[in-house]
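Number of protein chains: 2
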Amino acid sequence: MKTIYLDNNATTRVAPEVVEEMLPYFSERYGNPSSMHSFGGQVGKEIRAAREKLAGLLGARPEEIIYTSCGTESDNTAIRAALAANPGRRQVVTTRVEHPAVKSLCEHLVKEGYRVTFVPVDRSGRLDVDYLYEHMTEDTAIVSVMWANNETGVLFPVEQIARAAKERGIAFHTDAVQAVGKIPIDLSAGAIDMLSLSGHKLHGPKGIGALYVRKGTKFSPFLIGGHQESGRRGGTENTAAIIGLGRAAEFVSDHMEEENTRVKALRDRLESALLSRVTHAVVNGDPENRLPNTSNIAFEFVEGESILLMMDGHGICASSGSACTSGSLEPSHVLRAMGVPYTAAHGSIRFSLSLYNTEEEIDYVVEHLPPIIERLRQMSPFWQHACEKTA
Amino acid sequence: MKTIYLDNNATTRVAPEVVEEMLPYFSERYGNPSSMHSFGGQVGKEIRAAREKLAGLLGARPEEIIYTSCGTESDNTAIRAALAANPGRRQVVTTRVEHPAVKSLCEHLVKEGYRVTFVPVDRSGRLDVDYLYEHMTEDTAIVSVMWANNETGVLFPVEQIARAAKERGIAFHTDAVQAVGKIPIDLSAGAIDMLSLSGHKLHGPKGIGALYVRKGTKFSPFLIGGHQESGRRGGTENTAAIIGLGRAAEFVSDHMEEENTRVKALRDRLESALLSRVTHAVVNGDPENRLPNTSNIAFEFVEGESILLMMDGHGICASSGSACTSGSLEPSHVLRAMGVPYTAAHGSIRFSLSLYNTEEEIDYVVEHLPPIIERLRQMSPFWQHACEKTA
Numbered sequence: 062m063k064t065i066y067l068d069n070n071a072t073t074r075v076a077p078e079v080v081e082e083m084l085p086y087f088s089e090r091y092g093n094p095s096s097m098h099s100f101g102g103q104v105g106k107e108i109r110a111a112r113e114k115l116a117g118l119l120g121a122r123p124e125e126i127i128y129t130s131c132g133t134e135s136d137n138t139a140i141r142a143a144l145a146a147n148p149g150r151r152q153v154v155t156t157r158v159e160h161p162a163v164k165s166l167c168e169h170l171v172k173e174g175y176r177v178t179f180v181p182v183d184r185s186g187r188l189d190v191d192y193l194y195e196h197m198t199e200d201t202a203i204v205s206v207m208w209a210n211n212e213t214g215v216l217f218p219v220e221q222i223a224r225a226a227k228e229r230g231i232a233f234h235t236d237a238v239q240a241v242g243k244i245p246i247d248l249s250a251g252a253i254d255m256l257s258l259s260g261h262k263l264h265g266p267k268g269i270g271a272l273y274v275r276k277g278t279k280f281s282p283f284l285i286g287g288h289q290e291s292g293r294r295g296g297t298e299n300t301a302a303i304i305g306l307g308r309a310a311e312f313v314s315d316h317m318e319e320e321n322t323r324v325k326a327l328r329d330r331l332e333s334a335l336l337s338r339v340t341h342a343v344v345n346g347d348p349e350n351r352l353p354n355t356s357n358i359a360f361e362f363v364e365g366e367s368i369l370l371m372m373d374g375h376g377i378c379a380s381s382g383s384a385c386t387s388g389s390l391e392p393s394h395v396l397r398a399m400g401v402p403y404t405a406a407h408g409s410i411r412f413s414l415s416l417y418n419t420e421e422e423i424d425y426v427v428e429h430l431p432p433i434i435e436r437l438r439q440m441s442p443f444w445q446h447a448c449e450k451t452a
Numbered sequence: 062m063k064t065i066y067l068d069n070n071a072t073t074r075v076a077p078e079v080v081e082e083m084l085p086y087f088s089e090r091y092g093n094p095s096s097m098h099s100f101g102g103q104v105g106k107e108i109r110a111a112r113e114k115l116a117g118l119l120g121a122r123p124e125e126i127i128y129t130s131c132g133t134e135s136d137n138t139a140i141r142a143a144l145a146a147n148p149g150r151r152q153v154v155t156t157r158v159e160h161p162a163v164k165s166l167c168e169h170l171v172k173e174g175y176r177v178t179f180v181p182v183d184r185s186g187r188l189d190v191d192y193l194y195e196h197m198t199e200d201t202a203i204v205s206v207m208w209a210n211n212e213t214g215v216l217f218p219v220e221q222i223a224r225a226a227k228e229r230g231i232a233f234h235t236d237a238v239q240a241v242g243k244i245p246i247d248l249s250a251g252a253i254d255m256l257s258l259s260g261h262k263l264h265g266p267k268g269i270g271a272l273y274v275r276k277g278t279k280f281s282p283f284l285i286g287g288h289q290e291s292g293r294r295g296g297t298e299n300t301a302a303i304i305g306l307g308r309a310a311e312f313v314s315d316h317m318e319e320e321n322t323r324v325k326a327l328r329d330r331l332e333s334a335l336l337s338r339v340t341h342a343v344v345n346g347d348p349e350n351r352l353p354n355t356s357n358i359a360f361e362f363v364e365g366e367s368i369l370l371m372m373d374g375h376g377i378c379a380s381s382g383s384a385c386t387s388g389s390l391e392p393s394h395v396l397r398a399m400g401v402p403y404t405a406a407h408g409s410i411r412f413s414l415s416l417y418n419t420e421e422e423i424d425y426v427v428e429h430l431p432p433i434i435e436r437l438r439q440m441s442p443f444w445q446h447a448c449e450k451t452a
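From first to last, the protein sequence lines stand for chains A and B. With the first sequence counted from 1, adding 61 to any position gets you this note's numbering. With the second sequence counted from 1, adding 61 to any position gets you this note's numbering.
Calculated directly from the structure, the hints in this document are not laboratory data.
Here's a subset of chain A near chain B, in silico, CB distances under 10 Å, partners left out:
hint : residue
1    : 68
2    : 75
3    : 97
4    : 130
5    : 163
The beta-carbon is built from N, C-alpha and C at its ideal position, and this holds for glycine as well.
All chains, please: the whole structure from these sequences, using the hints.
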């Protein structure tokens, strides 16, 4: 059975051209880039070239990139760095719909005695920016707002919020793990101080992330050890993955237009076909201001887990919420924050596409998913109850 | 020119059989192991198998393994976890010869208000265990002692120290990054609470490490995010590298005897040949109680950097001190702690072998290195001064 992979916000296929570039760095050019000999030194040069490629994708300078092991480490580093750099300030401002990498950390910070403001969103997942502005105070060490929501794809006005934070002398961080590679980003002109990204969300390998830290931003290392990353992150450089991430940055940059035309059109085709063929189905999240690859659809009166299982039987991969929260039976905190009713939140499915998806795959899903929903609804007491009420 | 790689304590060649095992996890089995669909779920199964392999190398249970991104992260996690778990205790006991991953962190902890005891070593690099025991107090949150020194290869009696710590109710951690894969380790019977290891030191990939945490040990996560690693370390699993580390664990286990016979014999052959051909050359560190692959030799009255440069001209890779401290012109903190005189510490070279080294390579070094030392000494004012004094 062919796999139809529509779960690219969980992780992506490493582009074969990325793997090809990584390969020599395992068993041939395996030297430690910090070593004194040229066998290691030549690897150091390749890392510098990869850093320039990644910086290029963001409109950043190479020295503003710190390699980390993942988006979670980037997020932890950014927020901890701001707190360490401003020990007198005890408040963090973030949103109610962040990824667990920020959300769990912020909940932990509350236990450590910090004050955390979780800014609400409306029914469409749009951020209450006025609420955010009202809650920035002289005690705020950092404002951390995601660029694109991983579940709904909704985009937040992070550049505007970053400017507002800067005016108040507050550091601004964005978890841009879902945005980088999908929408054009140029940090050079803006006010964003720190930005997190993850290799495996943009057709690079797992186990590599980066934190952009604007020149001049107060910083304090999170992983403390050797002098790597100009003393900002200890640990031997993950050479192959850094090289791979550089190539992946080129890859997504080369395909940025395709992502925002062909992939977006596939997403729209999937969404409109499903909405027209399935009753009581609605899109979660502002349809006008979303990532081009994401569609989160609530199929009312059915269980998301059951839909996923039955889709899995047809080789279709999607998700209900974040892979980082799976295993939990609670409905998504993102959809709850948006006020999506229980009966809809539980049956919400995230479809997230990539450059590798084809029209045939979308048509296959459009053919097989509506009967699945139909069958599940026939078995659902909620559905029967709803039908009786309507009738 | 052929590369003769004698810098395996800095990093190792990824075994080709390890790379082969990793390869499918980039562009084929790329699913997120936390995903609900079987495309991701099957990867989760492979991770469980890899975890069992790594646990097997250590005599540990699979659930006692937490994957991290590197040895540095493992060390930071262990020490921070012990401090978080024992907030009333404000002292850390460690040694004066730790790797920067522990040393820099401990120096940082002093700035945070913790009290750190750095236990001294003698002229042979042997730990002053009595001093250590005398400095364990009711205020000690953790004792962290490396298993094998990365520069000299000297082994510390960590199992004995762990038992002493346990008797006093103190957590014990060992940075075993250099020991794992080179000497047999069985944690099941002992008293070690936490152990750090790194994939790239044992023919696995860079960017993956592990922290062993004995069942029942109080623990608090360092990287806070998703539910991965049973809630003990957030961040998407580094699938390919985890699979690779599992295979590497098998690889070094299969070659453990060879490491301690053939590789050790090569190291001894190199060492004795150099000592017999070069005057004023001495081994740094207890020759009786060392890793089988490491030889640290002081060539008095010459600069280590110059030796490395000239060896590099012959394709020979070695190091002066740790790659993680390179770039610094200070002589090694390990050799200074041992009281190695300045004129000897500055000309100390670490040779660290691996399973891939051959007799021919060793003979090549024995042929080319003595003339290099000779030439450098002819140019050295210290050498001329020393000769005049002797004459």
